[in-house]
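Going by my numbering, 228 is the number at position 222 of the sequence shown; the sequence numbering is gapless.
Calculated directly from the structure, the hints in this document are not laboratory data. All values derive from a computational prediction rather than experimental measurement. Glycine is no exception: its CB is placed at the ideal position from the N, C-alpha and C atoms. You may find that some hints are simply not true.
[What the hints assert, rightly or not] Here are the in silico distance ranges between beta carbons for each label pair: (1) V252 to T192: 32 to 38 Å; (2) N63 to E150: 38 to 44 Å; (3) D79 to L259: 24 to 30 Å; (4) Q255 to H164: 32 to 38 Å; (5) N53 to L78: 39 to 45 Å; (6) D265 to G61: 18 to 24 Å; (7) E256 to N63: 28 to 34 Å; (8) Q267 to K49: 43 to 49 Å.
[Claimed, not checked] Listed below are the simulated EDC-like cross-link pairs for lysine to aspartate or glutamate, each with C-alpha atoms no more than 20 Å apart in a straight line: (9) K135 to E150; (10) K282 to E58; (11) K187 to E139; (12) K282 to D110; (13) K57 to D79; (14) K85 to D70; (15) K49 to E33; (16) K253 to D110; (17) K282 to E139; (18) K82 to D110; (19) K83 to E54; (20) K229 to E33.
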Amino acid sequence: MNLSGKTCLITGANSGLGFATAKRFAELGANVVLVCRDFQKGKNAMNEIKKEVLGANLELMICDLASIKSILDFTKKFKETHSELNVLFNNAAVLTQNRTVTEDGYERMLQVNYLAPVLLTTSLLDLLKSSKEARIINIAVPPEKLQVDFDDLQFLTHYKPFDEFMRTKLYLLLYSIELSKRLAGTGIIVNSINPGLFKSGLRRESPWLLGKITDLFAVTADKAAESIVFHTLSNEAAANSGKVFVKRQEKILISYWNDSQIRKRLWSVTELLIDKYSTV
7 MNLSGKTCLI TGANSGLGFA TAKRFAELGA NVVLVCRDFQ KGKNAMNEIK KEVLGANLEL
67 MICDLASIKS ILDFTKKFKE THSELNVLFN NAAVLTQNRT VTEDGYERML QVNYLAPVLL
127 TTSLLDLLKS SKEARIINIA VPPEKLQVDF DDLQFLTHYK PFDEFMRTKL YLLLYSIELS
187 KRLAGTGIIV NSINPGLFKS GLRRESPWLL GKITDLFAVT ADKAAESIVF HTLSNEAAAN
247 SGKVFVKRQE KILISYWNDS QIRKRLWSVT ELLIDKYSTV
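Starting from the given sequences, assemble the full structure and let the hints guide the process.
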């Protein structure tokens, strides 16, 4: 995909991987929509990119993924002001040490890391379908041992922050694979990417040992963004949807991820959770 003149939407674009990807997309001539929760942080990020990328075409839009109302207000405004969407990069995520609940009654990580990307994607599907080329990129490659606990999707028992964070990534991965099946023939490519260990704001909430490992071995967000850019531009990606990648390397789907019954069950449960807001 040639990004020149294409509309690319990135959540969590004010820092880390989102910021680095926004900068690279701008360098490639895209019209980049930076979706941020905090106006001032978003404004600072936009100004910094403009200093580094002459002629960058940027737009700042505010959306709090921990608020369903904010998501719906944002998507309504976006659809009123844009006629197409070529790239949707669901990048934003949170890792919380203590279990907290959003104003909508959902556990915070479940909503921000999973339900919000699902609702955002669903609400913008018409614009993606109307584009000649479209990519949906999700950051979602969890440990292979994890499985969905359908009896405790809201992490009410034995709350372990990092484990629950990874479960939200599992949910997003399963959703991405199932979505790719349901969008077959539409021209929309949906893939999950693990850009590798990189430095981000999540490090502050990570377990002590993982934080130390991150300090020692993590690459910069700019380096990690190369994987996102590669899969966005790649002509090969246009023929491969529903795939999982670690950096640039395709990862073979394990049997659990490839289980259509598990994916469809999660899809149905997700519909029940957000049915009053949208249809998955």
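So, going through the hints one by one against the coordinates:
Judged by the Cβ atoms, the range 32 to 38 Å given for V252 and T192 is violated: they are separated by roughly 26 Å. Between N63 and E150 the beta carbon distance is about 40 Å. The supplied range of 38 to 44 Å therefore holds. For D79 and L259, the Cβ-Cβ distance of about 36 Å falls outside the hinted range of 24 to 30 Å, so the restraint is violated. The supplied range of 32 to 38 Å is met by Q255 and H164, whose beta-carbon atoms lie about 33 Å from each other.
Distance hint check for N53 and L78: the Cβ-Cβ separation is about 28 Å, which falls outside the suggested range of 39 to 45 Å. In this structure the hint that D265 and G61 lie 18 to 24 Å apart at CB is violated, the actual value being about 48 Å. The beta-carbon spacing between E256 and N63, approximately 32 Å, falls within the hinted interval of 28 to 34 Å. Restraint check, Q267 to K49: a C-beta distance of roughly 46 Å satisfies the suggested window 43 to 49 Å.
Note on K135 and E150: the hinted pairing is violated, with a Cα-Cα distance of about 32 Å set against a maximum of 20 Å. A hinted pair counts as satisfied when its Cα atoms are at most 20 Å apart, and K282 with E58 does not qualify at roughly 43 Å. For the given pair, K187 sits about 17 Å from E139 by alpha-carbon distance, which is consistent with the 20 Å threshold. Note on K282 and D110: the hinted pairing holds, with a Cα-Cα distance of about 12 Å set against a maximum of 20 Å.
With a CA separation close to 30 Å, the supplied pair K57 and D79 exceeds the 20 Å bound. Restraint check: the Cα-Cα separation between K85 and D70 comes to about 17 Å, which is no more than 20 Å; the hinted pair holds. A hinted pair counts as satisfied when its Cα atoms are at most 20 Å apart, and K49 with E33 qualifies at roughly 18 Å. The hinted pair formed by K253 and D110 fails the criterion: a straight-line CA distance of about 34 Å is larger than 20 Å.
Distance check on the hinted pair: K282 and E139 sit about 30 Å apart at the alpha-carbon level, beyond 20 Å; violated. As the CA atoms of K82 and D110 are separated by approximately 19 Å, the hinted pair is consistent with the 20 Å bound. Only pairs whose Cα atoms come within 20 Å are accepted, and K83 paired with E54 is rejected, the gap being roughly 25 Å. For the hint pairing K229 with E33, the CA-to-CA distance comes to about 15 Å; that is within 20 Å, so the pair holds.
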